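Chain order of the listed sequences is A and B. Residue numbers 11 to 387, in my numbering, belong to the letters of the first sequence in order. Residue numbers 11 to 387, in my numbering, belong to the letters of the second sequence in order.
Simulated from the structure, these hints should not be mistaken for laboratory data. For clarity, every value in this text was computed on a predicted model and none was experimentally measured. Take these hints with a grain of salt, some might be off.
Since the list gives no way to pick out one identical chain from another, each pair is judged satisfied if it fits inside one copy or across any two copies.
Keeping only pairs whose Cα atoms sit at most 25 Å apart, straight-line, the calculated PhoX-like set for lysine-lysine is [to be verified]: (1) 248 to 303; (2) 255 to 143; (3) 341 to 37; (4) 39 to 255.
What follows is the residue order along each chain.
2 protein chains.
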Amino acid sequence: MVIKTNRSVGIVETKYFTFNDLILENKHKLPNVTVAYETYGTLNEKKDNAILIAHAFTGDAHCAGYHEGDEKPGWWEGMVGHKKAFDTDKYFIICSNVLGGCQGTTGPSSINPETGKEYGTDFPVISMADIVKVQKKLIDYLGIEKLFCVAGGSMGGMQVLQWAMSYPEQIRSAIPIASTMRHTPQQIAFNEVGRQSVMADVTWKDGHYYQTGNPDRGLAVARMLGHITYMSDVSMQKKFPIKEKEKSVNFNFNADFEVEEYLRYRGSAFVKRFDANTYLYISKAMDHFDVQKEEFLPLGKNIKIKFLVISFKSDWLYPAYHSENIVKYLKMRRQSVTYCNIHSTYGHDAFLLEIKDETNLIKNFLGNLYNEVNGVK
Amino acid sequence: MVIKTNRSVGIVETKYFTFNDLILENKHKLPNVTVAYETYGTLNEKKDNAILIAHAFTGDAHCAGYHEGDEKPGWWEGMVGHKKAFDTDKYFIICSNVLGGCQGTTGPSSINPETGKEYGTDFPVISMADIVKVQKKLIDYLGIEKLFCVAGGSMGGMQVLQWAMSYPEQIRSAIPIASTMRHTPQQIAFNEVGRQSVMADVTWKDGHYYQTGNPDRGLAVARMLGHITYMSDVSMQKKFPIKEKEKSVNFNFNADFEVEEYLRYRGSAFVKRFDANTYLYISKAMDHFDVQKEEFLPLGKNIKIKFLVISFKSDWLYPAYHSENIVKYLKMRRQSVTYCNIHSTYGHDAFLLEIKDETNLIKNFLGNLYNEVNGVK
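Take the sequences, apply the hints, and build the full model.
Below, the structure is given as structure tokens:
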């Protein structure tokens, strides 16, 4: 029996929305797109209380509550629910799996209607703008003209910024967390090692492996590396203190240290739920993402979005200076920006773990805007 | 025609020394050990001017000068030569390939005399103490009772510390650079991802690939990751600034960015000169290395070694606090220690690149000791 806190949204279900003919940024046409999404809370009559939560690289639409029979809640359970940061008593929360994903939304592991087989690497390349365009279709479908807020951490934060660039009139506020306006060479390099690991696996077969078996070993190694970059030197020392008995002059190539065991476990757990081609497509979309350009909130267009930018002190994958660059850029574009660099030892994972500090910041930020919009003093 | 600076030691040759029956720390006996080594300068009559230079993870015995016909000098050319930091006018410099290596010294790719085939993973596991024990055999063979100094960066620094633990009476001074007394979980984790990448390659075949073809793709990915950890966020931005034309909505899975091209090149160049099993054995020896213990320079034994400890500010693989721990430990053991944390943006690679600052520090440090030993005022 799962013990659910009484502030959870409880049992939830993933829903699906399908539409035809998505024109991608590169002019390619995708004939058929399905979007997996979940919603929590109630959309009010004016339809002005909707918040879109964008997930990170390997996330999904299930950000809160429990799927029937599951022991584990959604990936941002601590943040979404009754009286939580994203308060489902007040707001209508939407979370969808990204385009190119493998958790219900159309991606390289989906069936290509032209061939009746999985796309594999015949799937067209996609951009962050395409990912957000699909979210916009979903919002339209739900009858929402303007989002109260778009929020997300890591790649979720990129989608937040992309919303502000692609559909500035359709969002009232935006919360990019532990994110960036564009990847640095180091961030691209880490992604590239992950991709090379997948592509080096002979079972990858240029992306056409769905009938023959997934490149699990290559993908697992990519994920192991990912986990190192999501943690910090300090958090790893706290979590996996080296024990005297682990040190030996008679080691073998099994896992001698707890940290090795952990990484192997996380690698093999990951490949059960994630598609290797999605790993390639989405990581490339991140590497090519770039809002540090003229068209992002141009002056003179009188766009007013309220921003809350959050970073974490021990995050070395998306270090605080990336968020400071966002703040600087937004200020130069005369936007309203609140910024906080939260103390944490968790590294990049902090956006999933520093629930208390994030809640304080986000609850107040949204609450003030809510009162403003609804004329509460 | 190669232009050689007139301060180079010029054309050099690798020499070989073979001995029987090395008893390893784990009691295993290696029947036949060959050591590849180079020497520069002249051993004086008292045989008290010898300096041993220990190489890093993937280095070799060729640290200075040029092999006949080669365009590229040894890996520490800037540091070893006439009037350089390790001044060959004054000192007799020795550098040898480590046990378990693949550049001339016995390792897993050597022939097992019992079978007539390569050892592969039948090679016994080795420790940093074993690596240093082989160096001691070489020093004995050269007729040297006490080294003037042992110096090295990264894993070279571990060997320096291991010398001070295993043979404290045989060294007058020691220079561990960008190193550590023991690996943290993060350092072990990075090594483990490299190992998993090698072992995930189907051509690895549990280490018995010498007749069928090397696990080049897995090893290349491991090396790509290594390179990221050797550089810094800043040095990567300087070396591979993102160009507008690299960003595209029409990317493919080739290398879109210069940094990807560079990593792929370094990966494929590496596998031509390095053995995958050596990668496994040596990285494990590093992970199990630990001198943070009672037996390291115990009080009451009246051991006096002069230490110069060097770290680099942007090194995040062996961050400065590791060197500070060494300094603290040595001070508690009442050793003479000089410490400098050099400003650099090169990351861990700085020990190979910050030649000017290292030269100033090392030249003075060795010069003072030289004068002291030789009664010069």
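Next on the checklist: Checking an output row: residue 341 and residue 37, CA cutoff 25 Å. Within, between, both or neither?
Outcome noted: Intra 33 Å, inter 66 Å, cutoff 25 Å: neither.
Next on the checklist: For residue 248 and residue 303, with the copy left unspecified, which applies at a CA distance of at most 25 Å: within, between, both, or neither?
Outcome noted: Between copies only: 20 Å across, 41 Å inside.
Next on the checklist: For residue 255 and residue 143, with the copy left unspecified, which applies at a CA distance of at most 25 Å: within, between, both, or neither?
Outcome noted: between (54 Å within a copy, 24 Å between copies)
Next on the checklist: One pair to classify: residue 39 and residue 255, alpha carbons no more than 25 Å apart. Within, between, both, or neither?
Outcome noted: between (58 Å within a copy, 24 Å between copies)
Checked against the numbered hints above, the structure breaks only hint 3 and satisfies the rest.
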